[in-house]
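Reconstruct the complex from the two isolated chains, following the hints.
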Amino acid sequence: MSAKTKIEITGVRKGFDTDRGPLPVVDGLSLSVADGEFVAIVGPSGCGKSTLMNIISGFERPDEGRVLIDGAPLRGPSPKGIVISQHGSVFPWLTVRENLMFGLNGNGHGDKAALADHYAAVVGLKGFERSYPHELSGGMLKRVEIARALVVKPEILYMDEPFSALDALMNLRMRNELLRILAEERHTVLLITHDVEEAVYMADRIMVLSPRPATIQATFHVDLPHPRRLGSPQAQQLREDILKELGL
Amino acid sequence: MSATRGIGNRLGRRLVLALPPLAVIAAVVALWWWLVVRTDSAIFPTPWQVVTGALELAQDGTLWEHIGASLFRVGTGFLLAMVVAIPLGLWMGWVSGAYITLNPIFQMLRPISPIAWIPLAILWFGVGNVSPIFLIFISSVFPMIVQTTAGVHTIERRYLRAAANFGVSRAVLFRRVVIPAVLPQIIVGMRIGLGVAWLVVVAAEMIALRSGLGYMIMDSRNAGNRYDLVIAGMIIIGLIGLLLDGATRLLERLKTVRWRYVR
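Sequences listed follow chains A and B, in order. Here the working numbering is used: the first residue of the first sequence is 1, the next is one more, and so on. Here the working numbering is used: the first residue of the second sequence is 1001, the next is one more, and so on.
Next up, chain B with everything else stripped away, as it sits in the complex (with noise of 0.2 Å):
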């Protein structure tokens, strides 16, 4: 009985905190119906027109092209870039000889918006997939190096200092203090490095290619001022991206990282 009404009350109060976060939506939604409607607008679309366009492109399949094109860009260029982030900022933090020599060059390209090499990767690569999936390699890699050398360098020395008081292997060292230590710095980085990486493909998209969410919204502009779709795509954009960290937080759950966020 208890029991029962312990999860009511949980999801209660769940709902309760959901509640002013669907009211300021709510209201932002009516704010923008009422002005378009007000101001009479040829072009602009209403929140219900742009629910009817989403929903036209949901039916001919096209949106789930786009939504697939786009998370698979995103998918390809994050996953190269922690095999190559992780190790290297492994590597970085344990070796001091490494940090010196690369990481000045790393913090310099840090810095450069992704948006910036678009043209280089349209010389080198073309207006194929590979022009964003090596744009989201990019912005996302160096995030996820910063986070896991930082990681490294902050390990507690004391639990060094118990593993060499035990005399594990080097290989023991690095598998069950090294890693496990570095582990939530490295789930911070990535979170960060898919934030960009999503905010990156919608960019890339925008520029050439046939498909995708960012080619999706340009050319509703283009093809007949189709302004409902803009930004349904902005929309599932922004939802996406939610999705996309709440997958990445999920992460923190694991009970091998607890113990960084419960103390």
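One chain only, chain A, in its complex shape (with noise of 0.2 Å):
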């Protein structure tokens, strides 16, 4: 049953010079992301979290230590890993079929205007495919990036607090289209946030990291069948343990 390895990372070093001196804030870091796993890292504020992502989705290289993808090094970012972060890139300047269809490139995709089309129904933007960034609300422009990841079929999602800008009601819905679509197509995701509930509710498996600069301090199983109600006794055990964890 044990997958096959997705993600590892050995000894993940990585600071930067400030007017002050050099300021370390990823500090020797390993951890193994399974394929098809769905693993949550949170964090108090500013404690490197950003960074640490930067440094798997490849747009940062660490000063020390290294990032396997599928067993080969990571180079920079690729379609393979798609990042949706917090403030959103859907690009305002295309419709939503275009901003789907951005990723398409090259031949091998068949119809892409359809398979646009295809995922932008899946997230629940049917009727929405002419519709330019600025008449969407906030909860639409998520699915929109949502979709536009799943569009080019990346393995794995890298996902950055993807739910704190939104109201705390859409936060909710989102936390279920997400599962929902995870259900369909099994991604390897690592997602980042500083919302315990959040990743008591979707992950498999919880990682607390340490105050910068950023160490795995702690990792929690998530053994509760979907759909989860956090307000059940062990999820409810489970977040104070993490909250503790974060010394709340």
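Rather than coming from a laboratory, the hints here were simulated on the basis of the structure. Here the structure is a predicted model, which means the values were calculated and not measured. We put the beta carbon where it would ideally sit given N, CA and C, even for glycine. One or more of the hints may lead you astray.
What the hints assert, rightly or not - Okay, the calculated beta carbon distance ranges per label pair: (1) Arg-130/A with Leu-1250/B: 17 to 25 Å; (2) Leu-1250/B with Ser-131/A: 20 to 28 Å; (3) Glu-185/A with Pro-1104/B: 50 to 58 Å.
What the hints assert, rightly or not - List time: in silico BS3-like cross-link candidates among lysine-lysine, alpha-carbon distance up to 30 Å: (4) Lys-112/A with Lys-126/A; (5) Lys-244/A with Lys-153/A; (6) Lys-126/A with Lys-1255/B; (7) Lys-1255/B with Lys-4/A.
Set out below in structure tokens:
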């Protein structure tokens, strides 16, 4: 049953030079994520979560250590792993359909417009294919972004506080949407969040980061079936334990 | 029913909005008229004399020739400036070496009034059509370069990152991300450039040439103190400037640049 390792990070270290000398941000961090696994990384703000995400997704190079994807060293960002971040990056000058077709380069995709429309429907945006982003709400924009990632059939989704810019209700709604989509197309997901409940609700495994410089402080396996109830005693207990790790 | 009433309301609102500026214009015209009558000026015309003077020129066709000549010079110089400024601005914005190398000289040339170039233009190109076209080019090319470059520099990183994430080629990155992201700034540059171009063509035509609205103004004064035509020329210049700006503003309604103005 133990699936093959998708992401393997060993001894990653990263620091920045500041006016007041070098600032270590990630300090010898190792973790591995199995194929199809949903791993959440929670940590206090400013602990280096986003730097870690940039390193794993290939946008930044670690000072030390290495990142392997499918056993091969990571060379930079690629459509194999798509980043979905807090502020979103849906192109405002393209329609929903054009956004979804953006990543479909080359000719191996068949009817690109049909594929785009299919994923628009998957995220519940049927009928909005010709709309421009400024005509959509924040929740709908987030759906566009998720759909745009799914179209290129990425093996990994890197989600950096994906729903934290949404209102509370839409945040809850998007969690369920994401789980529904993931049940259909099994992606490996790495979620970075400060929202413990979000992690407990969705992830298979939760890692708690220490304050900067970031290392993994604790790991929790979440053996609860979906759909999860956050009010259940197990979920509450898990939440308590994680918050305790975070010093709350 | 409600739809037609909605349109009626919108029209009504626009009319109401147009009233104060129209009232100001009417007041200025009234004051002008009153002052001319009051002072019994022999030279300065009343608004009505300006209208009849303009109609006279319109009827014998010379007015249209002057307008056409000025618009042709602006159009040619401005198009040339666009063809040079937009690619150059994109290049300078994208390649920092190009920016570091070229920006200082452009920043130095930019504050020189295009009027200061008139002697050089006459020296180099004589008093034909080329001189004003050159002056328009000079006046509108720098604002457009600067705006385009600034537009590239202010592209939000998250869009470039997303493009990098999807692994698109440089050509696609440029066509689908960089250019559309900069387009609103390019349009701003075009508005500034066209405004300056119109300002300059009239000034350039005052110095030399035998056609154009600037020439018409100078010629009316020199040939018999026809101040009615001088003022008619000024008003026409103002109106055409307004129309040109309105035309470039229409570009802001393009679906692909609307995002910049709604949020």
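So, going through the hints one by one against the coordinates:
1. Arg-130/A with Leu-1250/B: 17 to 25 Å: 22 Å, holds
2. Leu-1250/B with Ser-131/A: 20 to 28 Å: Distance hint for Leu-1250/B, Ser-131/A holds at roughly 22 Å.
3. Glu-185/A with Pro-1104/B: 50 to 58 Å: Roughly 53 Å apart at Cβ, these two residues keep to the hinted range, so it holds.
4. Lys-112/A with Lys-126/A: 16 Å, holds
5. Lys-244/A with Lys-153/A: It is violated: about 37 Å lies between the C-alpha atoms, which goes past 30 Å.
6. Lys-126/A with Lys-1255/B: 21 Å, holds
7. Lys-1255/B with Lys-4/A: 47 Å, violated
This entry does not satisfy hints 5 and 7, going by the numbered hints stated previously.
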